[in-house]
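My request is simple: use the sequences and hints to build the entire structure.
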Amino acid sequence: MNVQRAPAVSVYLPPSFAVRDPAAISRVLHEHPFATLITATHDEPQVSHVPLLHCADASPLGSLIGHVAHANPHWERFGEGPTLALFHGPHAYVSPSWYSDPPAMVPTWNYIVVHVRGRIEAVNNRDETLAILSQLTERFESSRAKPWRLQLEGARLDALVGAIVGFHMTIERVDAKFKLSQNRSGRDRNRVIEALRGEGFSDAHATAEWMTGNAQDR
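Counting from 1, one number per residue, gives the positions in the sequence shown under our numbering.
Keep in mind that the hints were calculated from the coordinates and are not lab data. Heads up, a few of these hints could be off.
With beta-carbon atoms standing in for the labels, derived distance ranges [claimed, not checked]: (1) Pro103 <-> Glu80: 49 to 57 angstroms; (2) His205 <-> Asp43: 37 to 45 angstroms; (3) Phe140 <-> Pro45: 40 to 48 angstroms.
It should be emphasised that the depicted structure is a prediction, and the values quoted were computed from it without experimental measurement. C-beta: ideal position from N, C-alpha, C; glycine also.
Given below as structure tokens:
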């Protein structure tokens, strides 16, 4: 993903938390593909929760593909306004007691989020819908010893395709916010990392791993 900056920002984004490294952003989209999809419409926002796949194509930032249920009215309003896809990476509570001077600190939360904005279009072509299904299936089955394959035919396949609406979202802007204690001293950051490693849940461990990795490359 060749990340570009836009003249406007859709999220509060202090410079110390802004990330522009394409590899770090692509990693978030790959490891945390279950996104919140929000389309601005003439009356109220339409919201769906769907897995999305980032694809490189002719557009500078690539595109996102996915599908929703045909019964979901969201797809009928894709053309009314821009769409925002929110990808949430790992996150964890940070206690003031972890810092070198606890009385001077307050609780906070470390987290990773990527906002992807663009224009979304429903796919009306049967073959394109099947291609989207195949790409998503291959992506999420690829790590399994015996990957499941889409092998339905005839009426069963027609029923499956008729029950969903595939879509293609051309990406126009990406805002990545990695709030990982960059505004603290190196000593305090290390203390937070060690404390997160000692927590009993995976999000805390993943947050610590991002803090020690190259996520700060901008």
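Results of checking the hints against the structure:
no.: 1; hint: Pro103 <-> Glu80: 49 to 57 angstroms; in the structure: 51 angstroms, holds
no.: 2; hint: His205 <-> Asp43: 37 to 45 angstroms; in the structure: 42 angstroms, holds
no.: 3; hint: Phe140 <-> Pro45: 40 to 48 angstroms; in the structure: 27 angstroms, violated
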